[in-house]
Amino acid sequence: MNIIKNYLDNMFLGLPETEDVNRAKKELLAMMEDKYNELKNSGKTENEAIGIVISEFGNLDELAETLGIKEALENKPDINHVSYEEAENYIEDSRNISPKTALGVFLCIMSPTILLLLLGLNESGFIQIKEERLVAAGLAALIALVAAGVSYFIRYSSKLEKYEYLEKNVFELDYRTEQMIRNVMAQYEHSYKSTVNTSVILYIFSALPIILTPLLFEIDELTIISVAVTLTIVAFATYNLISKGGIKEACDVLLQQGDYSVETKSNKTWQLISKVFWLAIVAVYLAYSFITNKWGISWVIWPVAGIMYTIISIVAQEKQ
Amino acid sequence: MISSDVIRGYIDTMILYLLLNNPSYGYEISKKIRELTDEKYIIKETTLYSAFKRMESNGYIEAFSGDETYGKPRTYYRITESGKSYYNEKCEEWKLTKEVIEKFIVKENNDEYY
Numbered sequence: 001m002n003i004i005k006n007y008l009d010n011m012f013l014g015l016p017e018t019e020d021v022n023r024a025k026k027e028l029l030a031m032m033e034d035k036y037n038e039l040k041n042s043g044k045t046e047n048e049a050i051g052i053v054i055s056e057f058g059n060l061d062e063l064a065e066t067l068g069i070k071e072a073l074e075n076k077p078d079i080n081h082v083s084y085e086e087a088e089n090y091i092e093d094s095r096n097i098s099p100k101t102a103l104g105v106f107l108c109i110m111s112p113t114i115l116l117l118l119l120g121l122n123e124s125g126f127i128q129i130k131e132e133r134l135v136a137a138g139l140a141a142l143i144a145l146v147a148a149g150v151s152y153f154i155r156y157s158s159k160l161e162k163y164e165y166l167e168k169n170v171f172e173l174d175y176r177t178e179q180m181i182r183n184v185m186a187q188y189e190h191s192y193k194s195t196v197n198t199s200v201i202l203y204i205f206s207a208l209p210i211i212l213t214p215l216l217f218e219i220d221e222l223t224i225i226s227v228a229v230t231l232t233i234v235a236f237a238t239y240n241l242i243s244k245g246g247i248k249e250a251c252d253v254l255l256q257q258g259d260y261s262v263e264t265k266s267n268k269t270w271q272l273i274s275k276v277f278w279l280a281i282v283a284v285y286l287a288y289s290f291i292t293n294k295w296g297i298s299w300v301i302w303p304v305a306g307i308m309y310t311i312i313s314i315v316a317q318e319k320q
Numbered sequence: 321m322i323s324s325d326v327i328r329g330y331i332d333t334m335i336l337y338l339l340l341n342n343p344s345y346g347y348e349i350s351k352k353i354r355e356l357t358d359e360k361y362i363i364k365e366t367t368l369y370s371a372f373k374r375m376e377s378n379g380y381i382e383a384f385s386g387d388e389t390y391g392k393p394r395t396y397y398r399i400t401e402s403g404k405s406y407y408n409e410k411c412e413e414w415k416l417t418k419e420v421i422e423k424f425i426v427k428e429n430n431d432e433y434y
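If you read the protein sequences in the order shown, they are chains A and B.
Read in the working numbering, the first sequence has 138 at position 138, and its numbers run on one by one without any break.
To convert a position in the second sequence, counted from 1, into the working numbering, add 320.
If we strip away everything but chain A, and leave its shape as in the complex, we get (with noise of 0.2 Å):
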């Protein structure tokens, strides 16, 4: 019933909301309700009267003169069709090239750990080179494995950058479209709740080496390789929510959900305010780091901001 509901909020999307449209969608309701109780009462499915109902609703043009929104209906600049294709290929392609951008997050991640192994295994005293010479090493690995990954990043995340209309415009799809989107996404949606499992505990994990070490070993410079060892569980539990998470997120974009519902797309407001938002938090952090030099601490920004963030946006959707 929701489904019906949606299409028809859908449909409606974007036109004056003068009391003879909303009387309009009202009794349109009622109708395809009717219709979609008594196809389910003759024995049809969920999915069969959906359809049926979905299929026989009709066109709004009809309805443009009666109901004064032919102006409306004809500069509807905002709503775009998608495609079956066009959602196909965004699926498609974000399963590609998930794993990809994946790999580039993973290769930054590690980059430092090269540096930090080097470094421990030297001050444990389990090789013995010159430190210059350790870290200049460490340091090439660190800046190749940067690039590396920054490169990969950059280039297979704009093979997806022709899809950014999806994430910003608000659009409608076709009953078939949905099914086919809501399909990939049940079939999916089971190892995805097994992928953030691993990667959460995996990132619950990562902290054990660093608190362990000092307890079982009473060697300090081995800390330092526990940072290695941490860092690698972390760019392990990031990739795997990377590389799994393209396709989830195609889906929330194509049936606009979540971060991307008609609500959220449609609020100016609140686009600006998490533009600016993040922008301010950038400045604050590397201007209070820099004239006081306590980067120590100064990181805690982020967390902090992450949770601001979060709450603000809970405020400005329940405004709305």
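One or more hints might be untrue.
[Claimed, not checked] Capping the alpha-carbon separation at 20 Å, the derived lysine to aspartate or glutamate pairs in DMTMM-like fashion look like this: (1) B:Lys-373 / B:Glu-348; (2) B:Lys-351 / A:Glu-65; (3) B:Lys-360 / A:Glu-56; (4) B:Lys-373 / A:Glu-86; (5) A:Lys-40 / B:Glu-359.
[Unchecked claim] Here are some chain A residues pointing at chain B (derived, C-beta under 7 Å): (6) Glu-27; (7) Leu-28; (8) Met-31; (9) Asp-34; (10) Lys-35; (11) Ser-55; (12) Glu-56; (13) Phe-57; (14) Gly-58; (15) Leu-63.
[To be verified] Going by beta-carbon spacing under 10 Å, a handful of chain B positions derived as facing chain A: (16) Tyr-347; (17) Lys-351; (18) Lys-352; (19) Ile-362; (20) Ile-363; (21) Lys-364; (22) Thr-367; (23) Tyr-369; (24) Ser-370; (25) Ser-377; (26) Gly-379; (27) Thr-395; (28) Ser-402.
Calculated directly from the structure, the hints in this document are not laboratory data.
Bear in mind the structure is a predicted one, so any value in this text is a computation, not a measurement.
By construction, the Cβ of each residue, glycine as well, lies at the ideal position given by its N, Cα and C atoms.
Knowing the structure of chain A, use the given hints to seat chain B on it.
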């Protein structure tokens, strides 16, 4: 398949016919049209609603809120006197139309032209 262009001029007639004896509401009318025509014509919701609006503003039908079914109030439509006379006019018009067009339709049993 019925072309919607041809039938458009007679949708009002169909609806008025169904309202002649009893008031009715959207879904019931669309269901009766489907049943009476043996599913040869299925009226779209938007077509039906625009016909309601058009006839309401012409004064052929009146809307009123009726009994609650499934817990929600329903808009019913009843035919007015001017609706009845419009219906009769349309019936006459159709008889004439049918007679005229009929002259140009090849009869299936013999292929002679009239």
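Quiz item: In ascending order, which of the hints set out earlier in this document are inconsistent with the structure?
Solution: 2, 4, 11, 18, 26, 28
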